[in-house]
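2 protein chains.
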Amino acid sequence: MNSADQYLDLYKKELLNNVLPFWLTHSKDAEYGGYLTCLNRDGSVFDTDKFMWLQGRQVWLFSMLYNQVEQNTEWLDFALHGASFMEKHGRAEDGSWYFSLTRDGRPLVHPYNIFSDCFATMAFGQLYKATSEPRHADIAYNTFNSILDRQTNPKRQWSKAVAGTRPLKNFALPMILCNLSLEIEHLLDAAMVDALIKDCIHEVMDVFYDEKSGLILENVAPDGSFVDSFEGRHLNPGHVIEAMWFIMDLGERLGDQTLIERAKDLTLKHLEYGWDSTYGGIFYFMDIKGRPSQHLEWDQKLWWVHVETLIALLKGYRLTNDEACLRWFEKVHDYTWQHFKDAEYGEWYGYLNRRGEVLLPLKGGKWKGCYHVPRALYQCWKTLEKIAVKNDGGAARRLNVMS
Amino acid sequence: MNSADQYLDLYKKELLNNVLPFWLTHSKDAEYGGYLTCLNRDGSVFDTDKFMWLQGRQVWLFSMLYNQVEQNTEWLDFALHGASFMEKHGRAEDGSWYFSLTRDGRPLVHPYNIFSDCFATMAFGQLYKATSEPRHADIAYNTFNSILDRQTNPKRQWSKAVAGTRPLKNFALPMILCNLSLEIEHLLDAAMVDALIKDCIHEVMDVFYDEKSGLILENVAPDGSFVDSFEGRHLNPGHVIEAMWFIMDLGERLGDQTLIERAKDLTLKHLEYGWDSTYGGIFYFMDIKGRPSQHLEWDQKLWWVHVETLIALLKGYRLTNDEACLRWFEKVHDYTWQHFKDAEYGEWYGYLNRRGEVLLPLKGGKWKGCYHVPRALYQCWKTLEKIAVKNDGGAARRLNVMS
Numbered sequence: 001m002n003s004a005d006q007y008l009d010l011y012k013k014e015l016l017n018n019v020l021p022f023w024l025t026h027s028k029d030a031e032y033g034g035y036l037t038c039l040n041r042d043g044s045v046f047d048t049d050k051f052m053w054l055q056g057r058q059v060w061l062f063s064m065l066y067n068q069v070e071q072n073t074e075w076l077d078f079a080l081h082g083a084s085f086m087e088k089h090g091r092a093e094d095g096s097w098y099f100s101l102t103r104d105g106r107p108l109v110h111p112y113n114i115f116s117d118c119f120a121t122m123a124f125g126q127l128y129k130a131t132s133e134p135r136h137a138d139i140a141y142n143t144f145n146s147i148l149d150r151q152t153n154p155k156r157q158w159s160k161a162v163a164g165t166r167p168l169k170n171f172a173l174p175m176i177l178c179n180l181s182l183e184i185e186h187l188l189d190a191a192m193v194d195a196l197i198k199d200c201i202h203e204v205m206d207v208f209y210d211e212k213s214g215l216i217l218e219n220v221a222p223d224g225s226f227v228d229s230f231e232g233r234h235l236n237p238g239h240v241i242e243a244m245w246f247i248m249d250l251g252e253r254l255g256d257q258t259l260i261e262r263a264k265d266l267t268l269k270h271l272e273y274g275w276d277s278t279y280g281g282i283f284y285f286m287d288i289k290g291r292p293s294q295h296l297e298w299d300q301k302l303w304w305v306h307v308e309t310l311i312a313l314l315k316g317y318r319l320t321n322d323e324a325c326l327r328w329f330e331k332v333h334d335y336t337w338q339h340f341k342d343a344e345y346g347e348w349y350g351y352l353n354r355r356g357e358v359l360l361p362l363k364g365g366k367w368k369g370c371y372h373v374p375r376a377l378y379q380c381w382k383t384l385e386k387i388a389v390k391n392d393g394g395a396a397r398r399l400n401v402m403s
Numbered sequence: 001m002n003s004a005d006q007y008l009d010l011y012k013k014e015l016l017n018n019v020l021p022f023w024l025t026h027s028k029d030a031e032y033g034g035y036l037t038c039l040n041r042d043g044s045v046f047d048t049d050k051f052m053w054l055q056g057r058q059v060w061l062f063s064m065l066y067n068q069v070e071q072n073t074e075w076l077d078f079a080l081h082g083a084s085f086m087e088k089h090g091r092a093e094d095g096s097w098y099f100s101l102t103r104d105g106r107p108l109v110h111p112y113n114i115f116s117d118c119f120a121t122m123a124f125g126q127l128y129k130a131t132s133e134p135r136h137a138d139i140a141y142n143t144f145n146s147i148l149d150r151q152t153n154p155k156r157q158w159s160k161a162v163a164g165t166r167p168l169k170n171f172a173l174p175m176i177l178c179n180l181s182l183e184i185e186h187l188l189d190a191a192m193v194d195a196l197i198k199d200c201i202h203e204v205m206d207v208f209y210d211e212k213s214g215l216i217l218e219n220v221a222p223d224g225s226f227v228d229s230f231e232g233r234h235l236n237p238g239h240v241i242e243a244m245w246f247i248m249d250l251g252e253r254l255g256d257q258t259l260i261e262r263a264k265d266l267t268l269k270h271l272e273y274g275w276d277s278t279y280g281g282i283f284y285f286m287d288i289k290g291r292p293s294q295h296l297e298w299d300q301k302l303w304w305v306h307v308e309t310l311i312a313l314l315k316g317y318r319l320t321n322d323e324a325c326l327r328w329f330e331k332v333h334d335y336t337w338q339h340f341k342d343a344e345y346g347e348w349y350g351y352l353n354r355r356g357e358v359l360l361p362l363k364g365g366k367w368k369g370c371y372h373v374p375r376a377l378y379q380c381w382k383t384l385e386k387i388a389v390k391n392d393g394g395a396a397r398r399l400n401v402m403s
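From first to last, the protein sequence lines are chains A and B. Each residue of the first sequence is one higher than the one before, counting from 1 in the numbering used here. Each residue of the second sequence is one higher than the one before, counting from 1 in the numbering used here.
Please note that the accuracy of each hint is not assured.
The list treats identical chains as interchangeable, and a pair is accepted whether it falls inside one copy or across any two copies.
[Stated by the list, open to error] List of simulated lysine-lysine pairs, PhoX-like, C-alpha gap at most 20 Å: (1) K341 to K331; (2) K382 to K12; (3) K12 to K28; (4) K269 to K331; (5) K331 to K212; (6) K289 to K366; (7) K160 to K366; (8) K88 to K28; (9) K169 to K198; (10) K212 to K289; (11) K12 to K390; (12) K155 to K88; (13) K160 to K198; (14) K198 to K129; (15) K12 to K386.
Simulated from the structure, these hints should not be mistaken for lab results.
With the hints as constraints, model all of the structure from the sequences given.
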């Protein structure tokens, strides 16, 4: 239905006119600092706990927009508002980041979750680009080093697994390091970044890759082999697809077209595998042997899965010209905008049931904040711009033709 | 549609002819001992991990049937088969029970979960009644004492909550102690049982009871007050209703008709509150302020919620003659048998989506085993027998009239 210019306009305006104002208006905690992220459909607050994942992601998002889109001081101030709360209250004595705090900053949940640290690193790394404040760089750098230190035991003393019986490693950490390595490249020495990137790509594309099925697993044995257990059979198509655009970014940086082609192929493969041919949308979780999942939410349609897919498809098209990416983009775009976008209030819905009906009317909660939707809108907007420039209008025609 | 005699017949035959044969046929691990509980619709095995909750519950179930229904040596042998695996592999060095083991008995998940110990206590307490084997009594007795020792810190070192910030206690332990106190009464001294029963009843009926709403909360402050947080607002109607028949059992033992009436009233209150007026069935989780749940499975219909409700309604009717219990029994009976029973293969489905469609076709998994369905069929059968005897046919007519 849309030309590339129309898509571009849609993504850009949705970001700037609907989604950002939602968070700027509703999520600032003027009283205690930081952000309130548990927001109802209309932006009213339904819970005041503060989750470090979401505080860090929101600081990152507004810093990134300030750095990449426009030096809008409202955005930088908003990022600093969150960062200052994080600095003051977010860390345990050993410097690792709590999982959650009360509204006034008292620790609620121990630093059991390494991704709190990942998002804090992203936040302060990106913020430092805007402020040049050495303190911000230090926080990012020190947190990043502590992530590397604990990467073989990310859950620390809170891990319930008996060591040695069935060792497994999880896809999420190497996957996020693919993204983090570029995010904080400016703080690390070049040799370290090169080694890190090489290692992440190997983990994501080889170690977690299952030859037999051609799919990427969520949990594997330390040597990368398949483990026939609930965890070993577990697939998360959206997670893989998100990783594939991180890999495409790395491929572009390295000038490695083979890597890019493979990431694009794996995007399409997992999208085809995860697509619900009955009701549309992408399943949240699957089992590689088709066995019952241990996750009751397996058939739900989650916002982040769909918006990350849009990014991967546009990047895949831009970097490989594979028209299958465009065909899928239009299909996933239609599903996503029809089901997740809320015509009345800025931010999008997050949780739909299998049929695409709203399951939880929240706009933000314990796991959903100011991150995937605005990041995807930004990434799609910028990628569509590059497509238009590269093809000198050709892609615009193509997108029109394909619809 | 049914008279009491017809219901009685239905519940009894379903237990003896369909459900028990399913587990006897499919769940015995003849090679490594214990039970295989991850079973597909037809009973075929889809995973071989062994979860201590489910091993203990199955030992308990077959021991209980041997003790209460018929001294069938196949049942006792089957219970001993599981008990011997548990004895050999189930405990850590400190005597607490692992959460899960590999098929051959190597520990997978640490003893972080106190309910593994609760079900082990029930298992060996009930088994001892059948075997008079002192070893079985010792295991039950020692495990029970360790539960009491750790009841203020049930998750031990694996608790992620920072101590002191927002102390909460959970309903599940006092609730299960209501049941456990009667289950292992034969192993404890009378004064201890009396004190324990008094304490459990107080916890369940007073401490977790929220005056304002008239509902029982899942998590409260140590003094029983409401905490406005995700955990504090969380409601689990099925859990409360299950607790209410434990309370009715205690009320009957104590001859406390006031307590019984209150438990019956709370059963009806939570059933009305939790009933899905759009699609039928009882919601899994709710929020006392109607706010979005943090649990994505909140609107699903789970087997145990429904079969526990059937027990509570029949006991409520038997002990109070409140006809509202009968009206609801027929409604919940119809929903439950129409949606959870599998016409082809013995054991029932466990997980339905909000509309009552099968969400996971498994008959047993990580959390569903040989427990709620057969226990409920047994409890309903025996309660219907008592109703028939007490009313000398009156209830039979009544059930007929109400339908």
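Practice problem: At 20 Å max between alpha carbons, let me know whether K198 reaches K129 within a copy, between copies, both or neither. | Solution: Neither: 24 Å inside a chain and 63 Å across chains, both beyond 20 Å.
Practice problem: Using 20 Å as the alpha carbon limit, work out where K382 and K12 are close: within a copy, between copies, both or neither. | Solution: This pair counts as within: shortest intra-copy Cα distance 9 Å, inter-copy 66 Å.
Practice problem: Measure nothing new, just compare the shortest in-copy and cross-copy C-alpha distances for K331 and K212 to 20 Å and report within, between, both or neither. | Solution: neither (28 Å within a copy, 49 Å between copies)
Quiz item: Between copies, within a copy, both or neither: which fits K88 and K28 at Cα up to 20 Å?
Solution: Within one copy only: 16 Å inside, 56 Å across.
Quiz item: Which holds for K341 with K331 at a C-alpha limit of 20 Å: within a copy, between copies, both or neither?
Solution: Answer is within; shortest intra-copy Cα gap is 15 Å, inter-copy 38 Å.
Self-check item: Copy assignment of K12 with K386, given that the CA separation must stay at most 20 Å
Solution: within (14 Å within a copy, 70 Å between copies)
Quiz item: For the identical chains here, do K169 and K198 meet the 20 Å Cα criterion within one copy, between copies, both, or neither?
Solution: within (18 Å within a copy, 47 Å between copies)
Quiz item: Taking 20 Å as the upper bound on the Cα-Cα distance, should K12 and K390 be classified as within, between, both, or neither?
Solution: within (19 Å within a copy, 73 Å between copies)
Quiz item: Quick one: K269 to K331, C-alpha cut-off 20 Å, is that within a copy, between copies, both, or neither?
Solution: Within. Shortest intra-copy distance 15 Å satisfies the 20 Å Cα cut-off; inter-copy 46 Å does not.
Practice problem: Up to 20 Å between alpha-carbons, please classify K12 paired with K28: within, between, both or neither. | Solution: neither (23 Å within a copy, 60 Å between copies)
Quiz item: Is it within, between, both or neither when you check K160 against K366 at 20 Å Cα-Cα?
Solution: between (22 Å within a copy, 16 Å between copies)
Quiz item: What label fits K160 with K198 when the C-alpha limit is 20 Å: within, between, both, or neither?
Solution: Classified as neither: same-chain Cα gap 31 Å, cross-chain 34 Å, threshold 20 Å.
The structure fails to meet hints 3, 5, 12, 13, 14 from the earlier list, while all remaining hints are met.
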